[in-house]
Structures are given as structure tokens and as C-alpha cells.
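Q: Keeping their order, the protein sequence lines are chains P and B.
Just so it is clear: in the first sequence, position 174 is 174 by the working numbering, and no numbers are missing.
Just so it is clear: in the second sequence, position 235 is 1235 by the working numbering, and no numbers are missing.
Source of the hints: derived by calculation from the structure; they are not laboratory data.
Treat the hints with care, since some could be wrong.
Mimicking SDA-like on lysine to any residue, the simulated pairs with C-alpha atoms at most 20 Å apart in a straight line are [what the hints assert, rightly or not]:
#1 Lys-215(P) to Lys-1234(B)
#2 Lys-1231(B) to Ser-1195(B)
#3 Lys-1234(B) to Ser-1195(B)
#4 Lys-1213(B) to Gln-103(P)
Number of protein chains: 2
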Amino acid sequence: MKVALLGPEGTYTHQAAEKYFEDLEPEFCSTIREVFESDTEAKLVPIENSLGGGVTDTIDLLREKDEKISGEVVLPIQHALISDEKSIEDIEKVKSHPQALAQCKQIIEQHGWSTEETNSTADAVTGLETGEAALASEIAAEINDKNILKRSVQDRDVNVTRFLVLNGEPEAREKSSLILEPGEDRPGLLHAMLSCFAGHEINLSHIQSRPTKEKLGEYYFYVEAEASGEKLQKAVTALETYGDVQNLGGYRKAERPE
Amino acid sequence: MKVALLGPEGTYTHQAAEKYFEDLEPEFCSTIREVFESDTEAKLVPIENSLGGGVTDTIDLLREKDEKISGEVVLPIQHALISDEKSIEDIEKVKSHPQALAQCKQIIEQHGWSTEETNSTADAVTGLETGEAALASEIAAEINDKNILKRSVQDRDVNVTRFLVLNGEPEAREKSSLILEPGEDRPGLLHAMLSCFAGHEINLSHIQSRPTKEKLGEYYFYVEAEASGEKLQKAVTALETYGDVQNLGGYRKAERPE
């Protein structure tokens, strides 16, 4: 299946797509907007990271483009130490995206390696020279036929990114994403809107406020509710008495790492 | 008064500080963390922008450092495209603070410019090389003797930033900021916490979720409530039955532009 996603080849987004799609034909884009605007059968975008929080570009584009969500993928980000060298003793310098270098400080300091920043983790792998290693995904090592000297070299284990699949065929409808736009700014309106979920015993697993870009302090809400179908529709009917609601679709809930 | 704020001279923070303090003696810092860690009489930090949303570094540091908030300033922002080049056709890359880059997405995508993040909008202006432009205040172009290629290049005209004053003497206590940390993850807990405000007829003017960085999907909330003193304390007492609450202090509400 043809799937638009953030490139280049060998990034973690690519790895997430490989995890979700059995017959992936990736179409690599350079921005999240480009992914949304491509006319592939399906698309994959990052929505949330355990360290950085909500991916604001994705949330704003979900509201703007009104694409249907058909699935989610949860990927623990684990950096591998990748090289043409065969032994970790031969490494003198590591290259990667600044974020990955920051996440692997302990092993870098332990070995006293020098560092060099690259535009992406995948770029680091393609630009390797003698005595150098890259911090990147295992898939980047496979694609470029390099050696994995050590797996999972990041400092902590809580770096997890969640991705949404757009435009595909949902395997199930366990949860749904909605955009809520309060119709006015008055005391307690957010509480009143959330009471539509509480009243129908629907759990919210995610809520993120984003500016409407119309006026300072005017926000809309991206929420994920653990319901779909008739049960969700009751909440939506109640919500619509307070403002506008976009239903972005129902999809299967992915398993979270412990 | 000695006030720590994001420098160098000519940033929007500088402009906001001039607006708030009559006797400003600015102490320029290079990161928001440095502002928080300085020991000046007062500090000024950006908290929210009408296009970019909440300033996540500030919110995370409010939670980490527990500084008291004593005031707020609201400032309309207009970015200029600034360069040593004389024509917009010669620009290949734009540099600025990530938030300014986010606020000028349309012109950047239109021209296909690459981008580079800097610590401040003013830093972008002083570090310009051939083929590069900065997004910054017009005053920064004047101070550094650069060309303004285009004025007011932000996506929309509703670009307003709100700043918080820390550590000063509040002129009044019309509103308060709180950090809420739910004690568990269960259906309806956010709704239950918000009911503590609704029940005491306290309006929330702002709510922002941020990851705790412990686990995917685990969030804390930064909220601004239009109350202080005894009335707020009742809500806080109720809130504490659901989780941890940090009261960051009460302060005067600044006027918003129409």
C-alpha cells in the first residue's frame, strides 16, 4: 500500500510505518503538511511523544484538513549504534540528529567520543566514514547494510512516539478523535463540554488545547475518547449544544509499552 | 529594577519588559531556563502566543522551579524579514526562534526556504550570512543596521504574545496560575478536577496539558483561574483530593487587544 510519511528512508517514522503496514510502499515527504496533502492511499503522522508532548503541526492540520483517522502506532524510540566498523573499540566519533545525541549522552561520555550533528538520524548513517558511528533506527542499518554495534543505547527508556494512520481502513473502532470548538468564551464551558463525556461514561485518553489563531486566549481542543459509534454519537449530540464538533473517525487502540 | 529576560537587546521580550516596568534595568539571558535560574529582583518570560500556543519551555520550568507569578503583559507581535541581502529572491534560508519560525510558516513554505533555529529572534539578526534572512522585530534591524525586506510577514495579523512577570510585587490578585498533577489515570478525572472550579464558579481562562516525561500519555495541566485568596483556596482544597496542586500565585489580569 502506498503510504505518505516523513522522510528520508530509515527514520523512526519509516520504522513505525513498517510496524503497521504489511505491504508498505513508502512515499517520503519533507514536511507534515506535505504528508497531509499527498494523495496516497494512506498517510502516517506523529501525534505525541512522551518527552516533547503533542505534535502541534499534526493537530492543527487534523483540524484544517478534516482527514479521517484509521489507526495508531506506538513506537518506543530506541537508538542503535551503527557503523561500518566491526568493533565498538574502533569508534572515535558519533554522528546523529541533535535530539538523538542529547538522548544518548551517557554512552558518548563513557567512551569519550566526539560528536557531529546531522539533519536526521538517517542522514547520519549514510554519511559514515572510518572510525565513525551513527545513532539511528535499526531499520536505517538494514537499509544501508551497516553493522549494529549495540542496540538501545539511549539514556532512559521513556522515549515513546505515537503516530496516527490517516485514510486507511480501520481494523476496529475502539477509540475516536474529535476536534471541539467552544462556541463562546464563558465560565465553565470546557467543564460543561467534558461533562458530555463523563455523563456518558466515556474516558478521555488525551486532551490538547491549541490556539484558533483568531484571538489571544481563544482555543480549540483535540481530544481522544475511548468510544465510537452510537455511544460516542450521544456525547457528540450533547457537545454540539456547546459548540462545533469534528469527528475525525474511530480506530483501534494500539498497545502501550509498560 | 533589575529584570532577567530573554536577550539580546531588541527582542520582543525586551519590548514587553519596557512596557511593564517603568525603571527597567534589563539583564539579558540566552535561554528561558537561564531567566528562571537568575537571581534578579524580577523576571519576565513568554507564556502564550495567539498563533503558536503555549510556550512549553516556560510551562515546564514553572512546574520545575515553582517561581511565584506577580503579573502579566500582553504584546502584539509583528515579525519583519531582515537580511544583509537587498532582494527577497536572494534568500535561501531563514533563521529565528522556533516560535517565530512557526508563526511565519506560509511565507517560508511559499518560498521553499530552509530554516535554522536560534536562541532568540535578535540572535538570528546578528548571526546572518550570505543568502540568509532573520525573522525578528523591526527594532532589531535598526540596532544591527540591516535591511528590512518585508514587514509584518507572520501568517495572520492576530499575532499577540502574553508574558508572565515572576518574583515581583503583584499590583492586584485578579487571577492565579496553578499546576495540577492528577494522582491517577482513570475515566473522568480531568472532568472531576475541573468541577472543583465550576462548583466554586471560578472561570478558567487558560488550560494547557504537558507530558510528565515519565510515561507516554501521562500529562500534567497548567491552568489560569480567574480567582485568588479564599475563593481559590476552596477550589484548591477540593483539587487536592484528586492529585497534587502547585499554586504559582495571584496577579493582575492584563488588558487584551480587541
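Q: Checking one constraint from the list: CA of Lys-1234(B) to CA of Ser-1195(B), max 20 Å. Satisfied?
A: Status holds; Cα separation ~12 Å.
Q: Between Lys-1213(B) and Gln-103(P), is the straight-line Cα distance small enough, at 20 Å or below?
A: With Cα atoms ~13 Å apart, Lys-1213(B) and Gln-103(P) stay inside 20 Å; holds.
Q: Is Lys-1231(B) close enough to Ser-1195(B), meaning Cα to Cα at most 20 Å?
A: Between Lys-1231(B) and Ser-1195(B) the Cα gap is close to 14 Å, so the pair holds against 20 Å.
Q: Is the hinted pair Lys-215(P) and Lys-1234(B) satisfied, with a Cα-Cα distance of at most 20 Å?
A: 31 Å, violated
Hint 1 from the earlier list is the only one contradicted by this structure; the remaining hints agree with it.
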